[in-house]
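Peer 1: Residue numbers (my numbering), protein chains in the order written: chain A, 1 to 405; chain B, 1001 to 1236.
Check each hint, because a few of them may be wrong.
Unchecked claim - Think about it this way: if two alpha-carbon atoms lie no more than 20 Å apart in a straight line, the pair counts; the simulated SDA-like pairs of lysine to any residue are:
1. Lys1100(B) - Thr4(A)
2. Lys1066(B) - Thr1006(B)
3. Lys1086(B) - Thr254(A)
4. Lys244(A) - Thr254(A)
5. Lys8(A) - Leu1101(B)
6. Lys392(A) - Glu1071(B)
7. Lys1011(B) - Glu1071(B)
8. Lys1015(B) - Ile399(A)
Calculated directly from the structure, the hints in this document are not laboratory data.
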Amino acid sequence: MLFTELLKMAWRSLGANKLRTFLTMLGVIIGVTSVIALVSVGMGVKKNILDNISRLGSNMLIVMPGSANRGGMRGAAGSVITLTYDDAEAIKNKIKNVEYVSPTVQGSYQVVYGHENWNTTVTGVIPEYVAIQSLELKSGLFFSAHDVDVRNRVAVIGPTVAANLFESVNPVGKKIRIGNAPYTIIGVLESKGQSSGGQDQDDTVLIPLTTAQERLVGVTYVRSINVQVSDADKMDEVQSNIEKLLRQRHRIRTGAEDDFNVRNLTTLMETMTSTTTMITLLLGAIAGISLIVGGVGIMNITLASVTERTREIGIRKAIGATYSNIMLQFLIESTMISIIGGIIGILIGVVAAQAISKFGNFTTVISWVSIAASFGFALFVGIFFGMLPARKAARLDPIDALRYE
Amino acid sequence: MANVVTITGVKKLYKMGSETVAALNGVDLLIDEGEFVALMGPSGSGKSTLMNILGCLDRPTVGSYKLLGQEVSGLSDDDLARIRNKTIGFVFQNFNLLPKLTSLENVALPAVYAGIGTKERLSMAMDALKKVSLEDRAQHLPGELSGGQRQRVAIARAIAMKPAILMADEPTGNLDTKSTGEIMEIFRDLHKTGSTIILVTHEPDIAQAADRQILVKDGQITMDISKGSSEVIDIV
Chain A
1 MLFTELLKMA
11 WRSLGANKLR
21 TFLTMLGVII
31 GVTSVIALVS
41 VGMGVKKNIL
51 DNISRLGSNM
61 LIVMPGSANR
71 GGMRGAAGSV
81 ITLTYDDAEA
91 IKNKIKNVEY
101 VSPTVQGSYQ
111 VVYGHENWNT
121 TVTGVIPEYV
131 AIQSLELKSG
141 LFFSAHDVDV
151 RNRVAVIGPT
161 VAANLFESVN
171 PVGKKIRIGN
181 APYTIIGVLE
191 SKGQSSGGQD
201 QDDTVLIPLT
211 TAQERLVGVT
221 YVRSINVQVS
231 DADKMDEVQS
241 NIEKLLRQRH
251 RIRTGAEDDF
261 NVRNLTTLME
271 TMTSTTTMIT
281 LLLGAIAGIS
291 LIVGGVGIMN
301 ITLASVTERT
311 REIGIRKAIG
321 ATYSNIMLQF
331 LIESTMISII
341 GGIIGILIGV
351 VAAQAISKFG
361 NFTTVISWVS
371 IAASFGFALF
381 VGIFFGMLPA
391 RKAARLDPID
401 ALRYE
Chain B
1001 MANVVTITGV
1011 KKLYKMGSET
1021 VAALNGVDLL
1031 IDEGEFVALM
1041 GPSGSGKSTL
1051 MNILGCLDRP
1061 TVGSYKLLGQ
1071 EVSGLSDDDL
1081 ARIRNKTIGF
1091 VFQNFNLLPK
1101 LTSLENVALP
1111 AVYAGIGTKE
1121 RLSMAMDALK
1131 KVSLEDRAQH
1141 LPGELSGGQR
1151 QRVAIARAIA
1161 MKPAILMADE
1171 PTGNLDTKST
1181 GEIMEIFRDL
1191 HKTGSTIILV
1201 THEPDIAQAA
1211 DRQILVKDGQ
1221 ITMDISKGSS
1231 EVIDIV
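Just chain B, with the same shape it has in the complex:
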């Protein structure tokens, strides 16, 4: 299977006064197509930084990041925006829907920036809403939906452009148990149909849903466990 993500020797350094702080300190990571990965770690571990780099919201200071074989670490802001638009789908903890747009319009928004025509855009958005069983809420505003429904709209937005990777940052952090179950069900279904999913969470229960669990600590990957194989790769 082809590698979707190939990260080698990635460091992210921040200058704090005279000191240099490494948020990521030499990370190597391979993610195959169709994998369901849980990225875990305590706050301040660097998992958010890794997530931002994986999601092309940020660039590594040192090291290489190949996405679908393409080196993206040196790309311009606009090129990264285009990659976020077509290749990556984001799901956030606090949904991040635009409150004045209907569900359908929210889901269709990435296609707007891709320059896709209205008719095609809306049919793509409707298809995505059907995948999260919210086609009957297409004309509702986010304010008229429950938390779980909002997150389903956000997932629909993330998958509307059929991205190569779906990234979810604590997608169930703001949801009750029932909604959490629904959302995880959707992720598992998407995984079954072949989507590559990277899930950031600090809850072990949620991480259990993934095939592979990666633990980040002090800017490095300290554990990489794949389900099914009994072998535990303890890096440190």
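With the rest of the complex left out, here is chain A:
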């Protein structure tokens, strides 16, 4: 009963000084807006990076050839040719918790159909590649294990290649030439868009691994082996097992350096997650400081208002207002400022985040956590910084207050 009356009183006294109330609120509005907008940018960056990594496949280990080391001079990764299709088969057959193994070999070739030609990356893969890369087919089929076994000249092309060579004609069943040999197109991939590095993932031609090795590139090695592990918890175990197995297979003496490299995408993902989380927290903290400044503004104005209203406080006390009555009245005022400022800040912050993603070409993620946290912090700031002036008001001696001019 009394509390609702105090709410009404506070509301009226804020309404009596609209400009001042608004200016006080502005500090909170700016604080909450910037927390929400900046955190949404930080979360957007995080989401981008994680999406890109997970697009490469989750629970993925990538086995790469090591670098040549001749007389202390180390070459680039892959400068020695050590991984083979048999290594991939061995990983698949001998190591537990391995779901898929996908060796690849790659080369850049001119692809010709009729009068059209297109330079693209041709990758030799096995059917497991579809699962490991989460590929989907728009039309036709992917080649089978049999195609790999007999080195068939079949190809599955990406939408970019299809568009450049065939325009509106359905490419399935057509023959293209890669390195002067004819390949029959048996399928077209669904579009995957750009990769994290800005590469067009649709600009690709896939052919059976063995066909690529023996009939196109003319090599016996593979460029990389992607290994999908069945369980995230088993990543480390599988990684060390692969290392052991390959050292054995490559007859590497104890103490000698590996001639291959196993990269763990989960570790990369964890590092990126913690880095981006740090950045997001940092942005949020910087914005949070402006909220504190807003709180100081509330305190400043409320203190001035207490002095200005000393006489009013004296009257209220003389007719029976207790310490807590006066305290609450002023505390409610400062809390109202922070609540209303917080709500306005949330609205502007959400709009700002959307504007950033729309006009700034930036991914933003608005999270309930940042909304709740910034609102909660604004509320805390309002109460905390309202406390001092409210206590000052409540402590006034009624005789002195009534005498105040």
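With chain A held as given, fit chain B onto it using these hints.
Peer 2: Chain B only, in chain A's frame:
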């Protein structure tokens, strides 16, 4: 008749540097229910201090103050606030109305702090406004009223909670002769209906309206004259 106010041996001491100054230096006072008392004295005499203690705005340093039989000299600030709310009604020289509240809201304000519901509160406030014949000004702001009307609103606020004592500190000090007459008329009417009134004034004319005149000088009561009885109790 029961004593509303019983004050015995009250002193109010202030420390001014190394010296101790007594604003009140041993005051004894009894006020009965229904009395109309004028508290007089020159400025600096201690009458304002006595008034503040009587009104529970201040506490005596030494001595006892029983209000309606209850010892109040040792009560906490919040307890004194509750007494001011329910047992004492104040009328000030400069009205002390809240300028942003209407007459009705001003009069209803003590009831807000008493935790009385809106409906009952407003009807109590309206009744009090009727007693000062200002029911037609209920929705006016103090700024829209004359001085005399403002003081009538202040009196309505003071009597809205039906207090045991009505205290008025120079209630006519800021008013013209006509308004002064009106205000004094209201006090006399309230007295007739049984209210206990303590009026602080330095004007003998105003004090004449009271049944009993008490003179305070140098922190002590120096004279206590009751009308009707020819006897003058000269204390000093």
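Peer 1: Taking the hints in turn, state whether each one holds.
Peer 2: To see whether the hints hold, each was checked on the structure:
Taking the CA atoms of Lys1100(B) and Thr4(A), the gap is about 18 Å. The hint holds against a cut of 20 Å. Distance check on the hinted pair: Lys1066(B) and Thr1006(B) sit about 5 Å apart at the alpha-carbon level, within 20 Å; holds. Only pairs whose Cα atoms come within 20 Å are accepted, and Lys1086(B) paired with Thr254(A) is rejected, the gap being roughly 95 Å. Distance hint between Lys244(A) and Thr254(A) is fulfilled; the C-alpha atoms sit about 11 Å from each other, no more than 20 Å.
For the suggested pair Lys8(A) and Leu1101(B), the alpha carbons sit about 12 Å apart, so the restraint of at most 20 Å is met. Distance hint between Lys392(A) and Glu1071(B) is unfulfilled; the C-alpha atoms sit about 29 Å from each other, more than 20 Å. A distance of roughly 15 Å separates the Cα atoms of Lys1011(B) and Glu1071(B); the hinted pair therefore holds under the 20 Å criterion. Between Lys1015(B) and Ile399(A) the alpha-carbon distance is near 18 Å, which keeps this suggested pair within the 20 Å criterion.
Taken one by one, the earlier hints fail for this structure at numbers 3 and 6, listed in ascending order.
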